[in-house]
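Q: Sequence:
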Amino acid sequence: MSAGDRLEAAFFDRSVHEVAPELVGCTLAIGDCAGVIVETEAYDATDPACHAFGGRTARNEVLFGPPGRAYVYLSYGVHSLLNAVAEPEGSAAAVLIRALEPVAGLERMRERRGREDELCSGPGRLTEALGVGLELNGSGLDSPPFELLAPERGWGSVEVVAGPRIGITKAVELPWRYCAAGDPHVSRPRL
DNA sequence: GCCAGGATCGTCT
DNA sequence: GACGATCCTGGCG
10 MSAGDRLEAA FFDRSVHEVA PELVGCTLAI GDCAGVIVET EAYDATDPAC
60 HAFGGRTARN EVLFGPPGRA YVYLSYGVHS LLNAVAEPEG SAAAVLIRAL
110 EPVAGLERMR ERRGREDELC SGPGRLTEAL GVGLELNGSG LDSPPFELLA
160 PERGWGSVEV VAGPRIGITK AVELPWRYCA AGDPHVSRPR L
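Quick note: the first sequence uses this note's numbering, first residue 10, plus one each step.
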């Protein structure tokens with residue numbers, strides 16, 4: 010992929026462990042709002058912390074489907090969390106989008122968030138800022154209202170560091186969290 | 001500034 | 001009937 014290209018489904022049609030770190034630096038846009046992805050986490054079917062670990066159910070259906078779609082679910086009965094489905098159909102895996110650096114539509118984000126800062130520095134926060142709800146579960150990330158672009162100049166070379174995932178109780182030791190080194194928008198404990 | 005606790009609801013046992 | 005891939009508020013020092 011080259012700078013500014015739209016990410017097609019083929020980008021996601023491979024190991025989630027390749028996709029997750031490469032998503033850092035990409036631009037995610039929804040409607041008029043957009044942000045650069047600065048933090049992700051990988052989940053695959055062999056992983057006890059993955060929703061698909063226990064097998065296919067009505068909720069995690071989308072995880073088993075074709076790559077390049079959005080998997081949105083409700084966390085703690087309060088927050089919608091956004092994932093990008095990876096790996097071929099039948100193989101359940103996804104990348105959790107944990108944090109963005111806002112680059113467009115800041116006013117709209119502030120409006121939706123009801124605050125001036127901390128707009129997208131957390132998985133539940135960015136979905137609220139961008140207006141992502143459960144109704145987008147299963148929709149393609151390469152078609153409206155979504156748009157996903159390869160890193161612009163200057164972002165392609167950002168250093169990505171790996172560390173332990175956050176907010177889970179199973180398989181905590183797996184270093185499957187990726188974030189842009191030193192980025193101030195990364196959520197919670199920095200690496 | 002830090003930490004503990006509560007909100008809130010769909011999904012699975 | 002319990003449990004989260006979380007966030008925010010309030011209380012205390």
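Treat the hints with caution; some may be incorrect.
[Claimed, not checked] Quick list of the computed label-pair ranges, beta carbon to beta carbon:
(1) TYR82 to SER11: 27 to 35 Å
(2) ARG121 to ASP22: 18 to 26 Å
(3) GLY63 to PRO154: 26 to 34 Å
(4) GLU116 to ASP22: 33 to 41 Å
(5) ARG23 to TYR85: 26 to 34 Å
(6) PRO154 to ASP22: 17 to 25 Å
(7) VAL181 to ARG119: 27 to 35 Å
Read the hints as simulated data drawn from the structure, not as lab findings.
The beta carbon of each residue, even a glycine, is placed where N, CA and C say it ideally should be.
Q: Should the hint that ARG121 and ASP22 are 18 to 26 Å apart at their CB atoms be regarded as holding?
A: At 32 Å between Cβs, range violated.
Q: Does the Cβ pair TYR82, SER11 satisfy 27 to 35 Å?
A: Holds, since TYR82 and SER11 (Cβ atoms, about 33 Å apart) stay within the stated range.
Q: Using the C-beta atoms of ARG23 and TYR85, is the stated range 26 to 34 Å upheld?
A: Because 31 Å falls inside the window, the suggested range holds.
Q: Is 33 to 41 Å a correct range for the gap between the Cβ atoms of GLU116 and ASP22?
A: 36 Å, holds
Q: Can the suggested window of 27 to 35 Å be confirmed for the beta-carbon pair VAL181 and ARG119?
A: Given a distance of about 34 Å, which is inside 27 to 35 Å, the answer is holds.
Q: Could you see if the CB distance from GLY63 to PRO154 stays within 26 to 34 Å?
A: Holds - the Cβ-Cβ distance for GLY63 and PRO154, about 31 Å, lies within 26 to 34 Å.
Q: Do the beta carbons of PRO154 and ASP22 sit within 17 to 25 Å of each other?
A: 22 Å, holds
In this structure, the one hint that does not hold is number 2.
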